[in-house]
Amino acid sequence: MNIKLIAFAIIGLLVSSCSNTKSVLEVTTFKTKSLNNISVFNKLDAEVETNFTAKQPGFIKRQSGINENGEYVVLVYWESLENAKASMEKFMADPSVAKYASMIDGVSMKMSRYHIEDDFNAAHSNFVEVMSFKTKADIDMKAFNKTNKNVENVFTSKQDGFLQRVTGVNENGEQIVVVYWDNKSHSDAALQPFMNNKISKEFMGMMDQSSIWMGRYQKIKPELEY
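Residue numbering for the sequence shown is 130 to 355, as defined by our numbering.
Hints may be right or wrong, so weigh each one.
Said to hold, decoys possible - In silico DSSO-like cross-links for lysine-lysine, where the CA-CA straight-line distance does not exceed 27 Å: (1) K184 <-> K228; (2) K330 <-> K271; (3) K313 <-> K239; (4) K239 <-> K151; (5) K327 <-> K287; (6) K214 <-> K184; (7) K239 <-> K162; (8) K190 <-> K278; (9) K348 <-> K160; (10) K214 <-> K151; (11) K190 <-> K313.
Treat the hints as calculated values from the structure; they're not laboratory data.
Given the sequences, and given the hints that come with them, work out the whole structure.
Here is the structure:
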């Protein structure tokens, strides 16, 4: 084969590989039908992760949390959007997750998938903040992305208990910010200083205020009871 053709083929493979380095973060929130069996549900949640989700192609990491109102969040990292979609299709029909799924209030369930460039490295997190929003229509996205990164560099990463900040965007242009902390106390302590910080105010000013949603969740463990 022509050496030039081989070289071009290799370059093409490298470019293709680099253009597909983004992974996917799947964010699902919901409430259970009853708060009387939270400990049972938490145990089932752990079993779903071990026996089903972790065995799916492209699985990277899964973490579940619950807030003070009994709302759950499930964060799952996948290697690709195709992996995430394939897992959900299997999940809906798999008998091993039927009891778990039957305890979820379907009306309350919301799910979205975001393309991210961050590798998960907050395995020891016990508390997580999740915020989604859209930017204002006239915002320069290059300027927004710079400010978004500066929030981490200038403020968040300097706070006690900070572990990781993950950002991404979905196909509808909705942004996601996930901040992992070692515990709730450190997250609480950072909230008001964040709202008063200059770079934070600039960041928040770029958002469509009507689209902002935020949840704060304690990592669940099978033995926890609420």
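Hint compliance check: list the failing hint numbers for this structure, sorted ascending. none
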